[in-house]
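Generate the whole structure from the sequences, applying the supplied hints.
Those protein sequences? They're chains A and B, same order as listed. Read left to right, the first sequence gives residues 1 to 379 (the numbering used here). Read left to right, the second sequence gives residues 1 to 511 (the numbering used here).
Among these hints, one or two may not hold up.
Unchecked claim - On the chain B side, residues computed to face chain A include the following (Cβ under 8 Å):
id, residue
1, S330
2, Y335
3, R348
4, G350
5, L351
6, M352
7, T354
8, G364
9, P398
10, T402
Unchecked claim - Covered by chain A, per the in silico footprint, the following chain B stretches (three or more residues, Cβ under 8 Å):
id, segment
11, 355 to 361
12, 369 to 376
13, 406 to 412
What the hints contain is simulated information worked out from the structure, not anything from laboratory work. From the three backbone atoms N, C-alpha and C, an ideal C-beta is built for every residue, glycine too.
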Amino acid sequence: MTTTEPDISKNPLDKILTPSQSPQLQTAIVTVAASLLGVLIALGISAFILAVTGKNPVDAFTTIVETAGNTDKLVEMLDRATPLIFSATAVAIGFKMNLFNIGVEGQYLFAALISAQAGSSVNLPAPIHVLFILIVAVCAGAAWASIAAVLKAYKNIHEVISTIMLNFIGLAVIQWLFESFFREEIEGNLNVKTKLLPNSGRMPTIIDGRLSTVFFLALLVIVGYYVLVYRSRFGFRLRASGENPDAARTVGISARTMVMLSMIISGGVAGLVAMKSLLSEAYAYGPNATPIQLGFAGITVALLGRNHPVGILLAAMLFGFLDSASATLQLAGVPSSIVRVMQAIIVLCVVILNEAAIRRLNVRTAEQAQAQLAPEVNA
Amino acid sequence: MASASGDIAVELTDIEKRFPGVLANYDVNLTVRRGTIHSIVGENGAGKSTLMKVLYGMHQPEEGSVSVDGAEVAFRTPADAISAGIGMVHQHFKLADNLTVLENIILGSEPSRGGGRIDFAAARSSITEIMQQIGTELDLDELVSELGVGERQRVEIIKVLYRGANILILDEPTAVLVPDEVDELFATLQRLVDDGATVIFISHKLDEVLSVSDDITVMRQGTTVAHTQPADIDRPGLAELMVGSELPSPAGRNTTVGDTVRLAFRDITVDGPEGRPTVQNATLDVKEREILGIAGVEGNGQFELCAALLGLTASAGTVEVDGVDVSTASTADRYDAGLAYIPFDRHREGLMLTAPLWQNTLLGRDHEPELRNGPLVNAPAAVAASEEIIERFGVLTPNAHTPAFALSGGNQQKLLVGRAMVTEPSVLIAAHPTRGIDVGAQAAVWDEIRMARDAGMAVLLVSADLEELIGLSDRIAVLFEGEITAQLDPDTITAAELGGYMTGVRQREAS
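Below, the structure written as C-alpha cells:
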C-alpha cells in the first residue's frame, strides 16, 4: 500500500513543542504563543498607521509604557476590565455551543434599569440589599435573553437575527419604562436617573475609590464560568452541542434544552455588566449615567480571549489598560481613537493567528499520532 | 461484438484505485460504445462512484489505463475531463438557487464580449440550440429556486452539454425524480444518443436499467463482474449478479434465540419530505440472544427507522424495550431503558472530532454514577473508562487524551462500537458497525457483538455488507422503499431471493 510520507519536519510548531507534552498542553502553548505574536504584530501595524497619519509612534508607545508603570493606571485597568469580564463571559457561554449572543447589549441595559428601580424601591440590610439587586439583575438579563432562547429553541429563529432585533426593541422598551415610570424628576437637573440606591444597596470602592469591589464579583464569575463550562456535566454537554450538534443529539442531549439553558445563563451573566456603574458609581440607572456599548465590546473581548476564562480575564485587562491609556495619549497629542483602532487590530491578528496555528497543530497532532502508531500497524 | 476502435467512446482497462485501508476498485474493465446508453449497476459500495470519479478526473487510478475516443488519457482534474468532452451530472445538483437558469448554465464558462463583459446573447442562442436538440424547453430567465427537481436536472444536463460534452455520466439521476420525470429524462437521453452522444448511466433500479440501456455492466465489491445486454437478461438474473451468486456462508451458528422479546416496534411510520413516508408500517420483534439483520439498498428507510426507534425523529407507531413502552420517551430515556446505538456516520453523528477520546467515550454517558461527581464530570474516572474501551476494543491510539481526528477511520469506528457496547445494553442498534475498518478489526467487532448476543442482548443490525449480514444475523428482514417486504432465514437464503427483495423485484411474499 502506498502512503504519502508525512512531512513532520517542516512544521514551525516543532520549535515550541515536544512530544512529551499532552495534546491539551500543546494547544495551550500554541494559543499563548499565537496570541502574543498577534499582539506584537498588531502593535507593529498600529505603529505603521500612526506613522502614516503623521504621529510619532515612538511617542505613543512611550506614553503607553509609562502608563503601564503607573500604579493608579493599573488599578484603573482592573476597574475598566470589570464590566468587560461580565459581558465577554456572557458572550463566551453562547460561543461554547455555537450560539452567537449579540444581545448582551440589550440584556444588560434592561437588567440595569430593572435592578436599579427594584433596588431603590426596597429597604433591606446591606449585604442582602446588594444580593437582592444582583439577583434581580441576573433574572432580568436572563428574562430578556429567554425571548431569543424560546424563538431559537421552538421556532428555530436564528439567534443572531433575534438578538440584534431584541437589542433595538430592548432600547425602546427601556426608554419607555424609564420615561413613563421610573425617572426621578429633579428640578433643574438635566441628568435624569432612576431614584438613587440607598447606602445599603451600594458596593464599596477601594484604593481611594479607584477600584470597585464589583471587580471581585467579576473574578468570581470567571471562576464560575470555568467550573460550569470546563468541569461540570452541563458544560460538557454544552461543549459537545457546540462541537457536533448531531452527535450530541444522537446520544440523547436535547438541543432544545441546551439552547434554552445556555442562552438564559448567558443573559443572566449579561445582567451583571452594568453592576459596577449601578452599585459603585452612579447608584442609579440613567441614559447618561449608565455606560453603553459594553455588550458589543464583550464580543471582541471574548474573541480575543478565545472564550477561555484566563483568556477572557487577560483580554479584558488588556482592553481596560488600553482604555485607561487613551486619556494619557490624548494629553500627549495622539488621538485617543488610535486605541480603538489598536483594539480592533489586536483582535483580528490574534484570531487569525490562532486559527492558523491551531490548524497547523491539528495537522501535526494527526501526523504524530499516525507516526507513533505506525510500527504497531505494520507489526 | 466486433467494433473498430473509432466506435469506442470510453475504455477503462484493469483500473485499480486504493484509499488508505480500502481497495475501492480493482480489475475494473469497461468498454462503452459510442452513441449508446451504458448502464453501470451495483449496490452501494460496489465501487460505481469511485470508478466514475476516476473517469471524471476526480481520482487518479493506481493501476490501469483510461482511453477516451481511442486515445489514452491521464486526467489530473475534472477540467481535463471536461476538455476531453466528458461531463458529469451529479446526484446532488450543484446549482446556485439565486441565479437564473441562463446564469447557472454559463457559470464558469461565460462567453466574453471583451472588456470583461458577458455575451448573454451568444449564450442564449447556443443554449436555445441545445434545448431544441434534446427536445426540452426551459425559461432561461427563471430563477433556479423556482424550478422543480426534474427541471433542475435538465439545467444540469444542459450545463454539461453547453461545455461541449459528448460523453455524459449521470450518477443515479432517477433517485430524485417522480415517474413522469423519469420518462422525460429517458426521452432526453435517447435523443442525445441518437445525435451521437454517449451516456453512462449509474443506477441500482433494475427496471430502468433494463428499459433504457443498450449495454449493462454489473459491479460488485469494487470490480466489474459481468457485461450484458437487456435482451440477454431479466430482472432476477440482474439482481443475482448484483448481489453475487455465492452468498457468504453463515458462520457456524449454535445460538439459541430466546423467547423474551427485548425490542418490539409496531407500525413505525416516518413522514418523508415529499409526502411519501420514508418508513411505512414497519413492525418487528427482536428477541433476546437474537441478531436481526436489516438488508436493503441504502436509502430505503434504514436511517429513518433507526432514528425513529431512538426518538431522534418524529414517527407514528410504538416502540417497546424490554416490555417498557418508550414510544413517547425522549432519546435519553430510551437509552436508559436499554437501547444503544452505533451510528451510521461516525463523523456526523458519532464523534466530537477535536475533543480528546475520553470525552468522546463520555458522550452520552456523563450521567452514569461512576463517571460523575454530582453535577461535575469525574474526569479521572472518565479517562479510565475510556482506556478500558481502548484496551478492550483494540483502538490504536497514543492515549485517551489524543483528539479523535488524529485516529484512522477504523479506530474511530472501534471507539464508537466500544462506547455503545460497554454500557451492556439490552438492545443494540448497530448501523454498519464495521464500515471502513480492516478485516482483523472487523472480526473483533463481530466477536464482540456475538458475545454480547450470547449473553442475552438483542441486536438490530443494519448493514450493506452481505457477509456481515448473513454471517451474523439469526434472521434477516428486507427493507425496500420504507417497507419491510420480507423476513428470511440466513441459513437457507439464496442470492436471487435476497437480491430480488432488495431491488423490489420480489414484493411482499413473506410477512
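Status of each hint after checking the structure:
1. S330: 7 Å, holds
2. Y335: Given a least distance of 5 Å, the restraint on B:Y335 holds.
3. R348: 5 Å, holds
4. G350: 6 Å, holds
5. L351: Nearest chain A Cβ about 6 Å off; hint holds.
6. M352: Where the cut-off is 8 Å and the nearest Cβ of chain A is about 4 Å from B:M352, the hint holds.
7. T354: 7 Å, holds
8. G364: 3 Å, holds
9. P398: 5 Å, holds
10. T402: 6 Å, holds
11. 355 to 361: Holds, because 3 residues of the segment 355 to 361 of chain B bring their Cβ atoms closer than 8 Å to Cβ atoms of chain A.
12. 369 to 376: holds (count 3)
13. 406 to 412: holds (count 3)
Taken one by one, the earlier hints all hold for this structure without exception.
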